[in-house]
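K.L.:
The task is simple: from the sequences and hints, build the whole structure.
Protein chains: 2
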Amino acid sequence: MIVKTKKILINSELECASGEALENFELMTDFYGELNKKKDNAVLVCHAFSGSHHAAGKRDGNIGWWDEFIGPDKTIDTNRFYVVSVNNLGSCFGSSGPLSKDKNGERFNNNFPQLEVIDWVESQKMLADKLGIKKWHLVIGGSLGGMQSLQWAVSYPKMVKKVGILAAAAKTSSQNIALNEVEREVIRKDSDFHDGKYLEFNKSPVKGLKAARMLGHITYLSAKNMDQRFGRKLQNTDSKIAEDIDFEIENYLQYKGGKFAESFDANSYILLTKVMDKFDIAHGYDDSLESALENIRAEVLVVSFTSDWMFPTSNGKEICLASIKANKKCSYIELEGEHGHDSFLYPNEDYQNAIKNFIESR
Amino acid sequence: MIVKTKKILINSELECASGEALENFELMTDFYGELNKKKDNAVLVCHAFSGSHHAAGKRDGNIGWWDEFIGPDKTIDTNRFYVVSVNNLGSCFGSSGPLSKDKNGERFNNNFPQLEVIDWVESQKMLADKLGIKKWHLVIGGSLGGMQSLQWAVSYPKMVKKVGILAAAAKTSSQNIALNEVEREVIRKDSDFHDGKYLEFNKSPVKGLKAARMLGHITYLSAKNMDQRFGRKLQNTDSKIAEDIDFEIENYLQYKGGKFAESFDANSYILLTKVMDKFDIAHGYDDSLESALENIRAEVLVVSFTSDWMFPTSNGKEICLASIKANKKCSYIELEGEHGHDSFLYPNEDYQNAIKNFIESR
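Keeping their order, the protein sequence lines are chains A and B. So the mapping is simple: my numbering equals the position in the first sequence, first residue as 1, plus 1. So the mapping is simple: my numbering equals the position in the second sequence, first residue as 1, plus 1.
Because the hints were derived from the structure by calculation, they are not lab data. Errors might be hidden in some of the hints.
The list treats identical chains as one, so a pair stands whether inside a single copy or across any two.
Calculated pairs, DSSO-like style, for lysine-lysine (alpha carbon to alpha carbon, straight line, at most 30 Å) [said to hold, decoys possible]: (1) Lys-329 / Lys-7; (2) Lys-234 / Lys-172; (3) Lys-172 / Lys-257; (4) Lys-40 / Lys-126; (5) Lys-241 / Lys-39; (6) Lys-257 / Lys-40; (7) Lys-241 / Lys-275; (8) Lys-163 / Lys-39; (9) Lys-39 / Lys-234; (10) Lys-234 / Lys-326; (11) Lys-204 / Lys-135; (12) Lys-75 / Lys-275.
Keep in mind it's a predicted model, so treat the numbers as computed, not measured.
P.N.:
Next up, the structure:
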């Protein structure tokens, strides 16, 4: 598989939904496979909250987040398709975001414009123009990436042939927002946060980031999966990684949270949770989901998982029912998933067949 | 209604399940109604995690947590029954706990013995002996109070005529423990926590406590209830109580968390979440719930709420099925509840009738 990673400068202004603007911006992007002559085999893969452009292949010891789905003869067959995977604006893996510098050469820190999902679509539209891609064969993603895919199909209907919306929703719920607010709260109140200017003090609010991720991680798993995997098993005394731990699940979360806090930027964390909170595809359509989806020209695939409590199956059904009311071609698939919300990341025969058939159907 | 509040000294040693001991201890206790001559009309009401002895009536502007259920002609009719409500050991509303002094006159702080639910039952058994109550007509409680009620029926079968277990479980799940660990983590990592010795510095880790309660509060509500009550409504700019708030639900949690942090003790918070984590009634019975429940002589009422995701209905069913297998008299009632886990606190005709009929039946 041909793999390329490029940081691409888009030298045009991006006017954000908030009214703020970026004079120009960079998008860190992975490319898997080859664009054909007709340029009609491009697939845009959209990552979730804390993901990155690195969707496939091994790099610096890390495996891409959808490696089992992208590659030669895999679900998205790179012998046939040209996969584009963009690190979202505002994130911290190479695209413009809080870690970047503004036009005066100052680091943005907490002053990066607050983005919305539609801004990501705009930025990727500008990238598609630069790449000469007039129509995506497929735009697909899970969670926040699924919301992004849906926004693509609504905002640029002529540019999306098929859209795959996995473990996502047409809008975030009050509970989603509430949990995100707790995560932001623990970051902001970390004494090393310094009102978002922590890098000027050579600090990072790692304690807050760690706790935020511990909570986030619980929302990505299911209660059943946690009971099966950890249950009430006690942690070995030798391998406790923090004081006051009794159970394995505590140790696991401490470990996962700590690892994450070493590599993620706190201002990005806050910004990206706000992007999620603000997502409501029906906003601007008199709160009518059906009206919002009327724009769509793409074939729609919606997948929900019964073990997902972050975006439960009612969210997926809602999108599909509104699509059908709006006279769109939509398939809805409900799978149990063993991993709660995270199920969209894991290989499973039914799941992969559904996506593969959807992509490869005429 | 006759109401009395007393701090009762139990001047005997309490040997805790952990092996640690308290030389003596105090229990802050409310009494509603009158004990009859036969002393057979006593009802023990057990509070949940952050509750107190103050279950009924208005005091200092606060209404008791089960005021709609306890009183003359109410669900638990104080014309007939004598209600005893004890602040649990380790809590911070007057009973011995981290705020108390040890035998050397030093404040316990984080050195109060780590308790288990069975220790609460032991302490209340000693109280019952002191009060001359040989058998409770009923022991009842919700959430952690329901676990305590179950433990009473198992530990002192001859002392419990009826037991009511509301919105509770026979053991905490991996997800329960995980969420509690996040709550503890944000308290411990507050820079004002000082390894639990914060009072020696005239501090309290209010930032951590606030965030912990914000998370706890989300677990007490249901996603549906939050959507109905707050949905995606934006907060008025005038009444934002913290920076960076967009939605009403964020403001609500900030407010609730902040209020709680003013009145609760952080060491108690940590200790009490650990009590919850450690609860598994089948522990010591080869992990067989049926074996554990074989001791019971009481009639059992179990109530679960379909909107409760902290202790879902499967938890209630599990207790009732095991009771029936163990040849006990058990009724199980499943109600929707509008308030998620907190539904056990709210008046509802079916719910109150079920409890009233259970109490008053021969």
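K.L.:
Decide, hint by hint, whether the structure agrees.
P.N.:
Going down the list of hints, with the structure as the test:
1. Within a single copy, Lys-329 and Lys-7 get their C-alpha atoms no closer than 36 Å, and across copies no closer than 69 Å, so neither meets the 30 Å cut-off.
2. In this assembly of identical chains, the alpha carbons of Lys-234 and Lys-172 lie at most 30 Å apart only when taken from different copies (13 Å versus 37 Å within one copy).
3. Taking the shortest Cα distances, Lys-172 and Lys-257 sit within 30 Å of each other both inside one copy (28 Å) and across copies (25 Å).
4. In this homomeric assembly, Lys-40 and Lys-126 come within 30 Å of each other (Cα to Cα) only inside a single copy, at 15 Å, whereas the closest approach across copies is 78 Å.
5. In this homomeric assembly, Lys-241 and Lys-39 never come within 30 Å of each other (Cα to Cα): the closest approach is 57 Å inside a single copy and 54 Å across copies.
6. Taking the shortest alpha-carbon separations for Lys-257 and Lys-40, neither the intra-copy value of 41 Å nor the inter-copy value of 55 Å comes in at or below 30 Å.
7. Proximity of Lys-241 and Lys-275 under a CA criterion of 30 Å is satisfied inter-copy only: 17 Å between copies versus 34 Å inside one chain copy.
8. Proximity of Lys-163 to Lys-39 under the C-alpha cut-off of 30 Å is restricted to the intra-copy arrangement: shortest distance 17 Å within a copy versus 77 Å between copies.
9. In this assembly of identical chains, Lys-39 and Lys-234 lie within 30 Å of each other by CA distance neither inside one copy nor across copies; the values are 56 Å within and 46 Å between.
10. In this assembly of identical chains, Lys-234 and Lys-326 lie within 30 Å of each other by CA distance solely across copies; the values are 26 Å between and 48 Å within a copy.
11. In this homomeric assembly, Lys-204 and Lys-135 never come within 30 Å of each other (Cα to Cα): the closest approach is 44 Å inside a single copy and 61 Å across copies.
12. Within a single copy, Lys-75 and Lys-275 get their C-alpha atoms no closer than 34 Å, and across copies no closer than 46 Å, so neither meets the 30 Å cut-off.
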